[in-house]
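Please build the complete structure, drawing on both the sequences and the hints.
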Amino acid sequence: MSFLQNNLLSLMMIMPILGAAILLIIRHSDPDIEKRNIRQVSLLITLITFVMSLVLWFGFDNSTAEFQFVEQHAWIGDDISYYIGVDGISMLFVVLTAFLMPIVVLASWDSIQDRVREYMIAFLLLETLMIGVFTALDIFLFYIFFEGGLIPMYLLIGIWGGVNRIYASFKFFLYTLLGSVLMLVAVMYMYLEAGTTEIPLLMNHSFDVDVQKWLWLAFFASFAVKMPMWPVHTWLPDAHVQAPTGGSVILAGILLKMGGYGFLRFSLPMLPEATIEFSWLVFTLSIIAIIVTSLIALVQEDIKKLIAYSSVAHMGFVTIGVFLLNVNGIEGAIFTMLSHGVVSGALFLCVGVIYDRLHTREISRYGGLAVNMKIYATIFVLFSMASIGLPGTSGFVGEFLVLNGSFAYNSWIAFLATTGVVLGAAYMLYLVRRLIFGELDKDDVKAMPDLSLREKLIFAPLIAVVLWMGIYPNSFLDPMHASVNALLETHFLTDTSHAAADQIGTPAGR
Amino acid sequence: MLFKAIVFLPLVGFLIAGMFGRQIGDKASMLVTSLLVSVAAVLSWFAFFDVTEAGNEYSVHVLSWVNSGDLSFNWALKIDTLTAVMLVVVNSVSALVHWYSMGYMEEDPHKPRFFAYLSLFTFAMLMLVTSDNLVQMFFGWEGVGLASYLLIGFWFKKPSANAAAIKAFVVNRVGDFGFALGIYAVFLLVGSVEFNTIFANIGDYQTATVSFLGTEYHAITVVALLLFVGAMGKSAQLGLHTWLPDAMEGPTPVSALIHAATMVTAGVFLVARFSPVFELSPVALSVVTYVGAATAIFAASVGLVQNDIKRVIAYSTCSQLGYMFVALGVSAYGAAVFHLFTHAFFKALLFLGAGSVIHAMHHEQDMRKMGGIYKKIPLTYIVMIIGTLAITGVPGLSGYFSKDMIIEAAYAASTPGAEFAFVMTVCAAFMTSFYSWRLIFLTFHGPTRADNHTFDHAHEGPLTIRLPLILLALGALFAGFLYKDAFIGDGRFGFWDGALITSAGDILDRAHDVPAAVIWSPFVAMVLGFAIAFLFYMRGSDIAKRTSETWDGLYAFLLNKWYFDELYNFLFVRPAFWLGRIFWKKGDENIIDGFGPNGVSALVADVAARVRKLQTGYVYHYAFAMIIGLALVVTWFMLQSGSH
Numbered sequence: 001m002s003f004l005q006n007n008l009l010s011l012m013m014i015m016p017i018l019g020a021a022i023l024l025i026i027r028h029s030d031p032d033i034e035k036r037n038i039r040q041v042s043l044l045i046t047l048i049t050f051v052m053s054l055v056l057w058f059g060f061d062n063s064t065a066e067f068q069f070v071e072q073h074a075w076i077g078d079d080i081s082y083y084i085g086v087d088g089i090s091m092l093f094v095v096l097t098a099f100l101m102p103i104v105v106l107a108s109w110d111s112i113q114d115r116v117r118e119y120m121i122a123f124l125l126l127e128t129l130m131i132g133v134f135t136a137l138d139i140f141l142f143y144i145f146f147e148g149g150l151i152p153m154y155l156l157i158g159i160w161g162g163v164n165r166i167y168a169s170f171k172f173f174l175y176t177l178l179g180s181v182l183m184l185v186a187v188m189y190m191y192l193e194a195g196t197t198e199i200p201l202l203m204n205h206s207f208d209v210d211v212q213k214w215l216w217l218a219f220f221a222s223f224a225v226k227m228p229m230w231p232v233h234t235w236l237p238d239a240h241v242q243a244p245t246g247g248s249v250i251l252a253g254i255l256l257k258m259g260g261y262g263f264l265r266f267s268l269p270m271l272p273e274a275t276i277e278f279s280w281l282v283f284t285l286s287i288i289a290i291i292v293t294s295l296i297a298l299v300q301e302d303i304k305k306l307i308a309y310s311s312v313a314h315m316g317f318v319t320i321g322v323f324l325l326n327v328n329g330i331e332g333a334i335f336t337m338l339s340h341g342v343v344s345g346a347l348f349l350c351v352g353v354i355y356d357r358l359h360t361r362e363i364s365r366y367g368g369l370a371v372n373m374k375i376y377a378t379i380f381v382l383f384s385m386a387s388i389g390l391p392g393t394s395g396f397v398g399e400f401l402v403l404n405g406s407f408a409y410n411s412w413i414a415f416l417a418t419t420g421v422v423l424g425a426a427y428m429l430y431l432v433r434r435l436i437f438g439e440l441d442k443d444d445v446k447a448m449p450d451l452s453l454r455e456k457l458i459f460a461p462l463i464a465v466v467l468w469m470g471i472y473p474n475s476f477l478d479p480m481h482a483s484v485n486a487l488l489e490t491h492f493l494t495d496t497s498h499a500a501a502d503q504i505g506t507p508a509g510r
Numbered sequence: 001m002l003f004k005a006i007v008f009l010p011l012v013g014f015l016i017a018g019m020f021g022r023q024i025g026d027k028a029s030m031l032v033t034s035l036l037v038s039v040a041a042v043l044s045w046f047a048f049f050d051v052t053e054a055g056n057e058y059s060v061h062v063l064s065w066v067n068s069g070d071l072s073f074n075w076a077l078k079i080d081t082l083t084a085v086m087l088v089v090v091n092s093v094s095a096l097v098h099w100y101s102m103g104y105m106e107e108d109p110h111k112p113r114f115f116a117y118l119s120l121f122t123f124a125m126l127m128l129v130t131s132d133n134l135v136q137m138f139f140g141w142e143g144v145g146l147a148s149y150l151l152i153g154f155w156f157k158k159p160s161a162n163a164a165a166i167k168a169f170v171v172n173r174v175g176d177f178g179f180a181l182g183i184y185a186v187f188l189l190v191g192s193v194e195f196n197t198i199f200a201n202i203g204d205y206q207t208a209t210v211s212f213l214g215t216e217y218h219a220i221t222v223v224a225l226l227l228f229v230g231a232m233g234k235s236a237q238l239g240l241h242t243w244l245p246d247a248m249e250g251p252t253p254v255s256a257l258i259h260a261a262t263m264v265t266a267g268v269f270l271v272a273r274f275s276p277v278f279e280l281s282p283v284a285l286s287v288v289t290y291v292g293a294a295t296a297i298f299a300a301s302v303g304l305v306q307n308d309i310k311r312v313i314a315y316s317t318c319s320q321l322g323y324m325f326v327a328l329g330v331s332a333y334g335a336a337v338f339h340l341f342t343h344a345f346f347k348a349l350l351f352l353g354a355g356s357v358i359h360a361m362h363h364e365q366d367m368r369k370m371g372g373i374y375k376k377i378p379l380t381y382i383v384m385i386i387g388t389l390a391i392t393g394v395p396g397l398s399g400y401f402s403k404d405m406i407i408e409a410a411y412a413a414s415t416p417g418a419e420f421a422f423v424m425t426v427c428a429a430f431m432t433s434f435y436s437w438r439l440i441f442l443t444f445h446g447p448t449r450a451d452n453h454t455f456d457h458a459h460e461g462p463l464t465i466r467l468p469l470i471l472l473a474l475g476a477l478f479a480g481f482l483y484k485d486a487f488i489g490d491g492r493f494g495f496w497d498g499a500l501i502t503s504a505g506d507i508l509d510r511a512h513d514v515p516a517a518v519i520w521s522p523f524v525a526m527v528l529g530f531a532i533a534f535l536f537y538m539r540g541s542d543i544a545k546r547t548s549e550t551w552d553g554l555y556a557f558l559l560n561k562w563y564f565d566e567l568y569n570f571l572f573v574r575p576a577f578w579l580g581r582i583f584w585k586k587g588d589e590n591i592i593d594g595f596g597p598n599g600v601s602a603l604v605a606d607v608a609a610r611v612r613k614l615q616t617g618y619v620y621h622y623a624f625a626m627i628i629g630l631a632l633v634v635t636w637f638m639l640q641s642g643s644h
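Chains as they are written, first to last, in my numbering: chain P, 1 to 510; chain S, 1 to 644.
Warning: the hint list may mix true and false statements.
What the hints assert, rightly or not - Derived CB-CB ranges, DEER-like:
#	chain 1	residue 1	chain 2	residue 2	range
1	P	W468	S	Q206	33 to 43 Å
2	S	R574	P	I375	30 to 40 Å
3	P	W468	S	I24	19 to 29 Å
4	S	R574	P	W280	31 to 41 Å
As the list claims (entries may be wrong) - Computed cross-link-like contacts, SDA-like style, restricted to lysine to any residue with a CA-CA straight-line distance of at most 25 Å:
#	chain 1	residue 1	chain 2	residue 2
5	S	K484	S	E57
6	P	K442	S	D108
7	P	K374	S	F154
8	S	K4	P	L467
Keep in mind the hints are simulated off the structure, nothing from the lab. Every residue, glycine too, gets a C-beta built ideally from N, C-alpha and C.
What follows is the structure, encoded as structure tokens:
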């Protein structure tokens, strides 16, 4: 048991690599049996990894802000080590990653028929790299995982994508290239200046305030692209549209969270003065993102583009929350990321279901699905409501916390960001109306069967999690408290108790 | 346990009918949901007597919900008199509507879905009224919005039903936008979202100010007005009312339950619940008064000329809600809740009666195609008459006690807006009487304008339709007389027991001794309304037609509902789509992509041409480039690290 405990995170990263290795040697004279075996092994491996992530969660100590499940081994030279661990900010992202992987494998069961082996290997390697991003405690190790994770995703879009996949992957490449070069320079500088690559040490290193600004902007370039924030978001709709369903789920579910995680892990603790200095920039861009991309979502004719734009809007709430620098804001931001990971993942799976049947993403080709796909319709409406942020679903809690935190910070932010709640309802319900409701009058749509057992199995855990997060979010909030409080108290000297006092004026004479 | 049962039994019904409706069949789904809600209704009456007679108050913890920093709230039930009244109203009307729907929806192929939605609505409404904190109230608030959306769009093949459903949800979201900001403001001010804490401490902040959108305002006024925006959305007050008439696209039992008796009164409930806060902001109270009075007269004026039987009643509802807000605005909270209580009976009755007419007339809703059917459906006729007598305020019936009390309170009050409200509510009383009797005359009297087949086959519905009508008619007859003392009379102190702000010498006391002319004014208005309606529609004359021709501009203005829909389309809907397209095509595609990735790639090389040649090979190139890059980075770090 203690071996498992002491090496849990490494085992979680090795498991998918092991799986990929097994996939390489699976051979069978009948290609169908070979594919089946490949899928089953992939599912098994991802399930084992998921179970390990649950062990991680149950073994996690909510009461401390220290890094847990820490492993450190000498690696490159004297300074750079293989150094991993989790705290309350990163732990649940690891669980989210491991949770979504088996679902992605199941979702690709029938829709991927070409190069199944390579496809599954790409996903398994991606899983290792994503877990690596959230657990790395060495900034250099982080950089490798952070950039390395793009390679499989890049291949997934470029090989298994749609008609315009080359353009989409090129755009994806260009954007991320810009961000990563700047971030790399910043990482190198920090290393030279502080003489260490260990994240916990860097967190306590005080960089000169002027230097902080440059470093902050360099990190910002990378994280803002990943979020993505307006105006560096235009790669996302194209990437989503071209990516296969599984790719979209991971892209929206996990990769978009790396930017937000990066802000929390690097920008805030390592560059606190610059963070405060530039928060106005983040708020401005976030509010523009919420309003502008919501309006754009309203006029989309492609389902995936619509959901992609809605992701940009939702990420606007996340960046606001992170930079509010109060407990509600940051916990709300993390919660929104987790929720969005599940909900947008589920929505892309929903798109995959009908895309597999009709092979089009054009909204106007559908209509009246409530007649012949009743279960599907119910599930789609449910996830739409979660996306809209209906209380009782996961989407509400995070947004509520962020907006509540933002009101205490500045009511303008709360006011403008909350308009996104109205616009969100408009574009989602307009989508539901066009897909699900209306007359069922198209022959090819009439021929579409309702969900298969496999598809129901995919959605069941997602529904359970969305409701669980909405009704009893404390399961997810409790692990965050200690780390978030420590982050604020150590680096921002924020009194985490009721922050209102200075916001309420009292006229003279009282 | 009792209260958990009351709240969660409808949820159980929803889950059974919603998840297993197809397996257990139509009949079982209908019976299970209806029985569970009926049990909840019976229990509610027990709870009502326990709370109001024995003076008990309860607080039931269910589950913790959110803890984050100082913000912490639970799933919990708070039961005081105000909640008990709402429990009785919600569950009783809901149970009757469930039974009624068994008959009304007989021919519909989607019965389990319909009953599941009804029960879901009931559950959400109960969560709203039993909440002990603002966020759970918001849960119920948006939950009833969801149920309303689903039920308005129940016949989802109809484009008009879909449009109405979206409109209801989005317009309500505009209100919820205010509500949500109100919650944040309360938390900022008091540091809690729980009612007991808020009300216990709000007095400390009487002179506090808060910065809202860059300006310092009186904090409590900001809180009250933001919450009131939420109330305006849900209760369809002027400005945010446009969704309610369209909501009539839903099946008629839905209109009775949601859009007359319960959900639309949630705004009234919210303000009544927050009476300790509103009481501290004279500005907010006068805003409430003005908005309520304006809504009362606006909606009544539109109701004068509508031809759809359900739309007349919908505007009537809107107008009556305006009355309730007038009462709240002049601090006559008891009168507001009393009118909510009596209105639930007679308005549900009118809607279900209208449903019975529509059922009898083969789903015809246009009153111009009715007439002369009173002999065909005498029971419906009689109960509709009772409902009309009640709403117009004939002495002795329920509406008389509650509505006249509001008018008298408006007169007695000296706050800003009260005078305006008095005049408007009396005028609206006249209009109420006119449109209500117009509805009766056009529907039931005169020569029929229906086709022979429809007319000959008009008949009463089954017992499940008739029995709820009779029970509601009893409520419309006696609820006012029986409860006037408790809600607004001398018994009110013991009855409300702190659930609402009450005090000796308050506005209700002063309203009891207003001049006789004031007391008589709504009566005169009512008689006048009846007389003119009689003259217009019963004498077989063409006065109505001539009047509308003489005043054709005014007629068109009223018929088109003061052109609110056109205005909002012009101001919000079309610009939103227009902006969306601009931001997309010009912003994202031309500017950002043009100068960004596309511009860069054009500078680097003619990528498109090369891509066509090399196809997927390109992907590997980029991936390879990334790997090389990473390798270079590793090398650099290794060299650096070695040199340390």
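So, going through the hints one by one against the coordinates:
1. P:W468 / S:Q206: 33 to 43 Å: For Q206 of chain S against W468 of chain P, whose Cβ atoms are near 42 Å apart, the range 33 to 43 Å holds.
2. S:R574 / P:I375: 30 to 40 Å: holds (36 Å)
3. P:W468 / S:I24: 19 to 29 Å: Given range 19 to 29 Å: holds, Cβ gap about 27 Å.
4. S:R574 / P:W280: 31 to 41 Å: holds (33 Å)
5. S:K484 / S:E57: Distance ~22 Å between K484 of chain S and E57 of chain S Cα, so the pair holds.
6. P:K442 / S:D108: Distance of about 23 Å is within 25 Å: holds.
7. P:K374 / S:F154: holds (14 Å)
8. S:K4 / P:L467: holds (20 Å)
The structure agrees with every numbered hint stated previously.
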